[in-house]
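Student: In case you want the letters, here they are:
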Amino acid sequence: MTATALLSQAVQLALALALAPLLVGWVNQCRAWLSNRSAPPLLLPYRTIRKLFMKDAVVASNASPLFRLTPYVVFGAMCCAAAIVPSLATDLPFALAADTIALVGLFALARVFIALAAMDIGTAFGSLGARREMFVGFLAEPALLMVLFTASLISGSTSLPSIVDTLAHRELAIYPSLAFAGVAFTMVSLAENARIPVDNPATHLELTMIHEAMVLEYSARHLALIEWASALKLFNYSCIGLALFFPFGIAQGSENWAAIALAVPVLVGKLALGGFLLALIETVSAKMRIFRAPEFLGTAFLLAVLAMLVHLLLGS
Amino acid sequence: MDFSRLGLSAATLASAVPAVRVPVGSGQLVPACRVAHEQGAHLVALWASDERDRVGGTLVRVALQDASGLAVLEVAVPDLPDARYGDVSAVFPAAARMQRAAFDLVGVASEADDQRPWAWMASWPIDRYPLRRDFEASPKWEPGQEDYEFVRVAGDGVHEIPVGPVHAGIIEPGHFRFQIVGEKVLRLEERLCYTHKGIEKRFESMALADGCRLAGRVSGDSTVAYAWAYSQALEALAGLAVPPRALWLRALALERERIANHLGDLGYLGNDGGFAFGLAQFSRLREEVVRTNLAAFGHRLMMDLVVPGGVARDLDRDHAAAMVDEAKRVAAEVATLRGIYDEHDGLQDRFRTCGRVTPELAARLGLVGMAARASGQARDLRCDFAAAPWDALAVRKAGATGGDVAARVAVRFDELAESLRLVRSIVDHLPEGDVRTPVPDVPPHRLGLGYVEGWRGPVLVALEAGPGGTIRRCHPHDPSWANWPVLEHAVIGNIVPDFPLINKSFNLSYSGQDL
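Top to bottom, those sequences are chains A and B.
Residue numbers for the first sequence follow this note's numbering, beginning at 1 and rising by one.
Residue numbers for the second sequence follow this note's numbering, beginning at 1 and rising by one.
Pulled out of the complex, with its shape left as it was, chain A reads as follows:
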């Protein structure tokens, strides 16, 4: 582990923290444009987070320490995830500590904490949201693991940087296994990030919420951390998707500062395109009934298994 590697790691983490709200703002702008509305400011998520940090927190009188702890745990988990997902360079000292399975575990940890905190106060909506979140989660996690296993089989390693190194160096061709895995990953990402068609991040209807129902009781700095963590989660999922399926432009190693500098605009460009596609999917879809989620995520799982079979049988 060199000092430059550490520095590159730090730059990546800082970039993730800084860019995540921008990605959310961009997606919201695209959604507005696609439905012929005038868009909210691009920097609105930053202002929201700043506003929330400046407010006094209100916590229910029967809240346990778990309720106060959860925003920090969730935010911390998303930061850790951001540290092991290669977004700019593949030489990540922290990534040695955790592979893709640990990454899925990090997301699961955040989910467990936020669901427990939602039930902690004892309101009907919190429990309702927690129940639905676990319902979506237990279907989404296996599908995500399958996608990551397919990528691991191709590269022979479960470490994300090595997977990306391998995938970035193969010759340019369409890999059927990766195509299946890519579709599966997109579906899982929609569900995991509480987007339409599984959840609606913009709804005010408390009875239909999943993620929003769990965080109804949070305010001020706690809510700011949760909002920021949600943005980071979207950013992380986007970066995992880009790293697995469009790894071109990610710098190899950490010695090459020019390559890292070049990777920044490439990443921003890819995220902008990805954000637009997400907004497009959300605009043309309606939210499905919650009991359609098993079909939706079941399809994702099936596609991920197909991806793996295609790789094992055809070797492509």
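Treat the hints as calculated values from the structure; they're not laboratory data.
Do not rely on the hints blindly, as some may be mistaken.
[Said to hold, decoys possible] Each pair of labels, with its calculated beta carbon distance range:
#1 Leu44/A - Thr437/B: 26 to 34 Å
#2 Ala179/A - Glu333/B: 51 to 59 Å
#3 Gly155/B - Ala97/A: 46 to 54 Å
#4 Glu333/B - Ala97/A: 53 to 61 Å
[What the hints assert, rightly or not] Covered by chain B, according to a simulated footprint, are these stretches of chain A (three or more residues, beta-carbon under 8 Å):
#5 23 to 35
#6 203 to 213
These numbers were taken from a predicted model, which means no experiment stands behind them.
Heads up, the beta-carbon is just placed ideally off N, CA and C, and yes, glycines get one too.
Dock chain B against the given chain A, drawing on the hints supplied.
Tutor: Chain B alone, transformed into the frame defined by chain A:
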């Protein structure tokens, strides 16, 4: 309706639609309701008036409607502690809440089993009745604590979700108590009446001519329907013929109100299905329509346009031409949007079979208005009692039999297209002449009825004049009274996250049923 079997005589009432008044004895109320029910009548309204100063008791009135018109059954309940009137809800289930409200407001009890308060929310002492004439409104009471007994469902895994009265969105207040197992709704119970404003009491201190403004504020989204119904009642009492141009302009305003509300609702129905694109498009169209209202009539919702004797403002040529152009353009855009809604499989999956009210259930519970037309109850005052100007316009009645959210969406689209056609037709054939005529004095102590097909359903205004041009009693009755209880049934067996969509497909008024 024919009550001769019971030996009851009917007297003609002052009303825009054919109406009779049928005084009944206390034992005859329920039999008379049964006779009417057998003849296909449904309940329109039930209300009570304190008449201790005139007849020594309370008058309970039950308005029923069938194909021949309205019949108002009148029963006098003596001012005795244990005097009660027959339980109308045994025949017409929709009467249950009206009977409970009549007790809270006037202190006259029915024989029904359910004697829980409805309009009373501990904001005045339980032994005072605001609509009694000796009620002192001046004291300031400390709001008390109400202990409302919700019906509970017991069983393994059954639990309760209380929702509201404060909601996450900016809507009217209402409490919904769900009994659920998993995501499935076993029972929903509504607790409304968080919006009591004392409107009926306020009427009693107003002059007949001023009451129209208050009537137009009972439920803002139906202001034209209410103001017209009030004016109809007053004009019927005065025996006044309104100038034809005024009638046509009222019809124009009523159709524009329907257009604005259907546009808004169709947008929100898309949004509640997670399809925000629809909300953006329909909201834009609605905004265009209400801005044209503002330019032509001076108010976005056309409040105070309809006044007794006519309309307050004439329509000039430029605005008339603008309305025709707008109607054409909006119709074309709505047709495109309907195609998008109809062919969107995600949205249709949410709409179809969701919140179903079968035609049998609708008939049994007395569903009215737009929601009833989506459940096979083909009733529309504009067609069934086509007085001027509807007789010249040949309104096409919308209808569906599915009774689900999809059916209510389809009926809205059909009515929207028809209303846009009517706007063009009305402007094209608008008669010339005056738009307002003075209202002569009205004899006291007579009942007049106004009955108008608002966008949500028929709005009834029962108006009784007092001496010297005052209002003795005015009861505006919203179609939401009849439809709220049906919503409770529509939700049974659906999943919790579908409730907002079902609720929006009815879009009932909280304020209208809680005066």
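Student: All hints, please: hold or fail.
Tutor: The hints, checked one at a time:
1. Leu44/A - Thr437/B: 26 to 34 Å: Taking Cβ atoms as reference, Leu44/A and Thr437/B lie about 56 Å apart, which means the hint is violated.
2. Ala179/A - Glu333/B: 51 to 59 Å: Violated: the Cβ-Cβ distance is about 39 Å, outside 51 to 59 Å.
3. Gly155/B - Ala97/A: 46 to 54 Å: Holds, at about 49 Å.
4. Glu333/B - Ala97/A: 53 to 61 Å: Distance hint for Glu333/B, Ala97/A holds at roughly 57 Å.
5. 23 to 35: holds (count 3)
6. 203 to 213: holds (count 6)
Of the numbered hints listed earlier, those contradicted by the structure are 1, 2.
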